[in-house]
Amino acid sequence: MFVLLSNDDGIDAAGLTALAGAFSPADQVAIVAPDRERSASGHAITMDRPLRVREVKHFAGPAWAVTGTPGDCVKLALTTLLPRKPDLVVAGINRGPNLGTDVFYSGTVAAALEGLLFGLPALAVSLATHAPDADYSLAARLARAIVQRLLAKPALAETLLNVNVPARPAREIRGLSITRLGTRRYKNTFEARQDPRGQTYYWLAGEPLPEECPPDTDIAAVAAGRISITPLSLDLTDYRRLADLKGWTDKPFDI
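Here the sequence shown stands for residues 1 to 255, numbered as in this note's numbering.
Everything labelled a hint here was simulated from the structure, so no lab data went into it. Some clues are possibly wrong.
Claimed, not checked - Heads up, simulated SDA-like pairs for lysine to any residue below, C-alpha to C-alpha not over 25 Å straight-line: (1) LYS153 with GLY175; (2) LYS85 with GLY42; (3) LYS57 with GLY175; (4) LYS57 with GLU37.
To be verified - Label-pair restraints from in silico Cβ distances: (5) GLN148 with ASP254: 21 to 27 Å; (6) GLY61 with PRO208: 32 to 38 Å; (7) ARG141 with PRO214: 25 to 31 Å.
Where is the CB? At the ideal position from N, CA and C, for every residue including glycine.
Turn these sequences into a full structure, and let the hints guide you.
So this is what it looks like as structure tokens:
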């Protein structure tokens, strides 16, 4: 297999190192990742400045650090840096969960989505902890196992799976759930500070708001100690509203 790895925590992130280490010497693995932390950058693409690329030598296979977003990294890899198209794109392992509506902000999910836009199966993997000494080994082994299963099933050729792993030892994992996205809202707080020149600047902070989560959601699964796998789609159409809006065509706007 030939796999492209990326992330949004940066080329030196422990999660990316663990993910790369889970693949065997027989696997072909290339890494293209941001040169620094780009968490919560969403699916941004850089168009206002050039991208610069630096080759990185501390991985077993070819690796590059890019002065751009996760989306930039995957796009540049698939169009320019790699000698041929990979079989699959894996993004992660993210430090912290990407649950529910987090996927709209997540650079990890965006990297996987970029692979899907190129017609490739893709995987976004996150570990549900922000601890600096987190153990990514279980999530890394799981990622490789999912890759093997995806590549063995041609029917899953254009599939994106969002995987969230509870931060607990393997013996304490309570199983695996195939889930839908939950709703995860935050209490957004901007802390105002002043720089030495008297100019105000802001730091964004905030914690998830407590909400009831249906048991079939990714949020509920991880809270219960279960691995969550959620299939995602590029189609954001709200099909529930199509019928409600059909009548608008009969009464054109007076503009």
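Comparing the hints with the structure gives:
Between LYS153 and GLY175 the CA atoms are separated by roughly 22 Å; this keeps the pair inside 25 Å, and the hint holds. For the hint linking LYS85 to GLY42, the alpha-carbon distance of about 24 Å falls within 25 Å, and the restraint holds. With a C-alpha separation of about 37 Å, the suggested pair LYS57 and GLY175 falls outside the 25 Å cut-off, and the hint is violated. As the CA atoms of LYS57 and GLU37 are separated by approximately 19 Å, the hinted pair is consistent with the 25 Å bound.
Between GLN148 and ASP254 the beta carbon distance is about 59 Å. The supplied range of 21 to 27 Å is therefore violated. A hinted range of 32 to 38 Å holds for the C-beta pair GLY61 and PRO208, which are about 37 Å apart. Here the CB-CB span from ARG141 to PRO214 is close to 29 Å, well matched to the stated 25 to 31 Å.
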